[in-house]
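Sequential numbering of the sequence shown, starting at 1, is according to full-length UniProt numbering.
The hints are simulated quantities; they were obtained by calculation from the structure and are not laboratory data.
Take the hints with a grain of salt, since some may be wrong.
[Stated by the list, open to error] Only pairs whose alpha carbons sit at most 25 Å apart, straight line, appear in this in silico SDA-like list of lysine to any residue:
(1) Lys62 with Thr106
(2) Lys62 with His47
(3) Lys62 with Gly46
For clarity, every value in this text was computed on a predicted model and none was experimentally measured.
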Amino acid sequence: MAIVAFRIHTHDNVATLLADAPAGPIAVQGGGTTDAVTANEPIELGHKVALADIAEGATVVKFGVAIGLASRPIRRGDWVHLHNCRSAFDARSGTLDLHTGAATDTRYE
1 MAIVAFRIHT
11 HDNVATLLAD
21 APAGPIAVQG
31 GGTTDAVTAN
41 EPIELGHKVA
51 LADIAEGATV
61 VKFGVAIGLA
71 SRPIRRGDWV
81 HLHNCRSAFD
91 ARSGTLDLHT
101 GAATDTRYE
């Protein structure tokens, strides 16, 4: 299992990929634990993988603190990003393009 994700805090329910990962096994290190998770889809370097099932509306935790809310159910092993996680402070964050971060709800002329 060569692909590694890093969990920062023991209470985190996501870990950050340290390399691009295809769907498949990922070693999870950090936060005082060693674990493994199976990625359900490819996940890019620097993006997050869910370490547990996260219900819609539940808190996504990284650094031991809430970083957002699940905008739909997230399964253990899912890629966690703008398509399934939104800010608790900025409702518009759920409308941003997955790859560029550009607003998709604004028409530029």
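Going through the hints against the structure:
1. Lys62 with Thr106: violated (30 Å)
2. Lys62 with His47: holds (12 Å)
3. Lys62 with Gly46: holds (13 Å)
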